Amino acid sequence: MAKLNDEGQWIIMMGFIVSIAIFIMALIVAESALVGKTTSESVLEFPKNDIQDLRSELFDRRWSDFQDPAAYGNLQNDIINLSLNRKGAVISFSYYQPGDDSVLLIHYNNGLTEYNDMYTERPSELSRGVF
Amino acid sequence: MVDDTAQLYTIEGVAAGFLMILTAYFIISSSTVITPQETHIADLQLEQLGSDALRVMDTPTENGTPGYLALCLSNYDPISFSDNITRLINTKTDSGTDRLHYNTTIFYRDGAAIGNATFGGDIYYRENAVKVSRLVTVDHFPPGAGIPNRKQVVLVEVLVWRS
Numbered sequence: 001m002a003k004l005n006d007e008g009q010w011i012i013m014m015g016f017i018v019s020i021a022i023f024i025m026a027l028i029v030a031e032s033a034l035v036g037k038t039t040s041e042s043v044l045e046f047p048k049n050d051i052q053d054l055r056s057e058l059f060d061r062r063w064s065d066f067q068d069p070a071a072y073g074n075l076q077n078d079i080i081n082l083s084l085n086r087k088g089a090v091i092s093f094s095y096y097q098p099g100d101d102s103v104l105l106i107h108y109n110n111g112l113t114e115y116n117d118m119y120t121e122r123p124s125e126l127s128r129g130v131f
Numbered sequence: 001m002v003d004d005t006a007q008l009y010t011i012e013g014v015a016a017g018f019l020m021i022l023t024a025y026f027i028i029s030s031s032t033v034i035t036p037q038e039t040h041i042a043d044l045q046l047e048q049l050g051s052d053a054l055r056v057m058d059t060p061t062e063n064g065t066p067g068y069l070a071l072c073l074s075n076y077d078p079i080s081f082s083d084n085i086t087r088l089i090n091t092k093t094d095s096g097t098d099r100l101h102y103n104t105t106i107f108y109r110d111g112a113a114i115g116n117a118t119f120g121g122d123i124y125y126r127e128n129a130v131k132v133s134r135l136v137t138v139d140h141f142p143p144g145a146g147i148p149n150r151k152q153v154v155l156v157e158v159l160v161w162r163s
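Those protein sequences? They're chains A and B, same order as listed.
In case it helps, the working numbering puts the first sequence at residues 1 to 131.
In case it helps, the working numbering puts the second sequence at residues 1 to 163.
Treat the hints as calculated values from the structure; they're not laboratory data.
Since the structure is predicted, the reported quantities are computational estimates derived from the model, not experimental observations.
Accuracy of the hints is not assured; some may be wrong.
[Claimed, not checked] As a list, the in silico EDC-like pairs of lysine to aspartate or glutamate whose alpha-carbon atoms are at most 20 Å apart:
no., chain 1, residue 1, chain 2, residue 2
1, B, LYS151, A, GLU57
2, A, LYS87, A, GLU57
3, B, LYS151, B, ASP98
4, B, LYS131, B, ASP3
5, B, LYS151, A, ASP60
6, B, LYS131, A, GLU57
7, A, LYS48, A, GLU114
8, A, LYS87, B, ASP110
9, B, LYS151, B, ASP77
10, B, LYS131, B, ASP43
11, B, LYS151, A, ASP68
12, A, LYS87, A, GLU114
13, A, LYS87, B, GLU47
14, A, LYS48, B, GLU157
15, B, LYS131, B, ASP98
16, A, LYS48, B, GLU47
17, A, LYS87, B, GLU157
18, B, LYS151, A, GLU45
19, A, LYS87, A, GLU45
20, B, LYS131, A, GLU41
21, A, LYS48, B, ASP43
22, B, LYS92, B, ASP77
23, A, LYS87, B, ASP43
24, A, LYS87, B, ASP52
25, B, LYS131, B, ASP52
26, B, LYS92, B, GLU47
27, A, LYS37, B, ASP43
28, A, LYS48, B, ASP52
29, A, LYS37, B, GLU47
30, A, LYS87, A, GLU41
31, B, LYS131, A, ASP65
I would like the entire structure built from these sequences, with the hints used as guidance.
This is the structure we're talking about:
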């Protein structure tokens, strides 16, 4: 009966280690492509620019055009209809002045992301220096 | 005479060194692997660039005055708009310019309907483009523009692509 050749065990073991290392590296590379895809997709999906645009437009208008009820209604119609038709986003906002305060309520929903905002300005407290 | 024993160990040492360098290379480069089918990262950068360009143009230089974008619209001046946005999106930190193109459409509300008007730009041949938009309040439009002449909010949509 032939004797089992037990030489070269060290080399065989190194062969195993090397092949396992290559396999693990392949896994890491495969993962990285997926990570880039999912992160950029989720960033693209989030309507960051739409919300910032809406907010900046409303904050720009609140002291000038929103003071006039007719202009306010017109501009409100414009923004709501354009957003619904071109971006598929449901927007509602209202600007009202209880007492001395000014309140701006913003609601945004495009089916994936919902955003609500309430902004209050109190001139009385601002003039007293209370924040 | 040169000692020629332990050649296998020498080969193994070289292989192990090579393997370590390769591992370090893969780990460093793994965070920026872009497969050919994967263009979302480029889209993301284009979208940010386009939005920033529109934001810069919509920001007034002084309090109480309209921004440059609103001025271009109320004069219905696609040429000034083109000069500015082309420069904004094509400027690079080093010398030379980028190869970005754009195409602009204005959307406005006319009663219950949404109308659109083209506002200059390059001809779009279905390249891989992203769309950026900006709400702009315009005081009035000149009669030739074909847009209802009243104070209104219009949506400026810009397609941006790289050729």
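Evaluation of the provided hints:
1. Using a Cα cut-off of 20 Å, the hinted pair B:LYS151 and A:GLU57 holds, with the two alpha carbons roughly 14 Å apart.
2. Restraint check for A:LYS87 and A:GLU57: the C-alpha separation of about 16 Å stays at or below 20 Å, so the hint holds.
3. Restraint check for B:LYS151 and B:ASP98: the C-alpha separation of about 36 Å exceeds 20 Å, so the hint is violated.
4. Of the supplied pair hints, the one linking B:LYS131 and B:ASP3 is violated, its CA atoms being roughly 70 Å apart against a limit of 20 Å.
5. Between B:LYS151 and A:ASP60, the direct Cα distance comes to roughly 15 Å. Compliance with the 20 Å bound is thereby established for this hinted pair.
6. Restraint check for B:LYS131 and A:GLU57: the C-alpha separation of about 19 Å stays at or below 20 Å, so the hint holds.
7. As the CA atoms of A:LYS48 and A:GLU114 are separated by approximately 11 Å, the hinted pair is consistent with the 20 Å bound.
8. Restraint check for A:LYS87 and B:ASP110: the C-alpha separation of about 17 Å stays at or below 20 Å, so the hint holds.
9. As the CA atoms of B:LYS151 and B:ASP77 are separated by approximately 18 Å, the hinted pair is consistent with the 20 Å bound.
10. Note on B:LYS131 and B:ASP43: the hinted pairing holds, with a Cα-Cα distance of about 10 Å set against a maximum of 20 Å.
11. For a cut-off of 20 Å, the pair hint linking B:LYS151 to A:ASP68 stands: about 12 Å separates their Cα positions.
12. Simply put, A:LYS87 and A:GLU114 have alpha-carbon atoms about 14 Å apart, close enough for the 20 Å limit, and the pair holds.
13. About 15 Å separates the Cα atoms of A:LYS87 and B:GLU47, which keeps this hinted pair within 20 Å; it holds.
14. For a cut-off of 20 Å, the pair hint linking A:LYS48 to B:GLU157 stands: about 16 Å separates their Cα positions.
15. As the CA atoms of B:LYS131 and B:ASP98 are separated by approximately 18 Å, the hinted pair is consistent with the 20 Å bound.
16. Restraint check for A:LYS48 and B:GLU47: the C-alpha separation of about 11 Å stays at or below 20 Å, so the hint holds.
17. Straight-line distance between C-alpha atoms of A:LYS87 and B:GLU157 comes to about 11 Å, which keeps the hinted pair within the 20 Å bound.
18. A hinted pair counts as satisfied when its Cα atoms are at most 20 Å apart, and B:LYS151 with A:GLU45 does not qualify at roughly 32 Å.
19. In summary, the hint linking A:LYS87 to A:GLU45 is supported, as the alpha carbons are separated by about 12 Å, within the 20 Å threshold.
20. The straight-line distance between the Cα atoms of B:LYS131 and A:GLU41 is roughly 15 Å, inside the 20 Å bound, and the hint therefore holds.
21. Annotation: proposed proximity of A:LYS48 to B:ASP43 holds, straight-line Cα distance about 15 Å (limit 20 Å).
22. Among the hinted pairs, B:LYS92 with B:ASP77 is inconsistent with the structure: their alpha-carbon atoms are about 26 Å apart, more than 20 Å.
23. A C-alpha spacing of about 18 Å is found between A:LYS87 and B:ASP43, which places the hinted pair at or below 20 Å, so the restraint holds.
24. Of the supplied pair hints, the one linking A:LYS87 and B:ASP52 holds, its CA atoms being roughly 19 Å apart against a limit of 20 Å.
25. Annotation: proposed proximity of B:LYS131 to B:ASP52 holds, straight-line Cα distance about 13 Å (limit 20 Å).
26. Of the supplied pair hints, the one linking B:LYS92 and B:GLU47 holds, its CA atoms being roughly 16 Å apart against a limit of 20 Å.
27. The suggested pairing of A:LYS37 with B:ASP43 holds, with an alpha-carbon distance near 11 Å, which does not exceed 20 Å.
28. Among the hinted pairs, A:LYS48 with B:ASP52 is consistent with the structure: their alpha-carbon atoms are about 12 Å apart, no more than 20 Å.
29. For the hint linking A:LYS37 to B:GLU47, the alpha-carbon distance of about 16 Å falls within 20 Å, and the restraint holds.
30. Simply put, A:LYS87 and A:GLU41 have alpha-carbon atoms about 17 Å apart, close enough for the 20 Å limit, and the pair holds.
31. As the CA atoms of B:LYS131 and A:ASP65 are separated by approximately 28 Å, the hinted pair breaks the 20 Å bound.
Hint compliance for this structure: hints 3, 4, 18, 22 and 31 are broken, all remaining hints hold.
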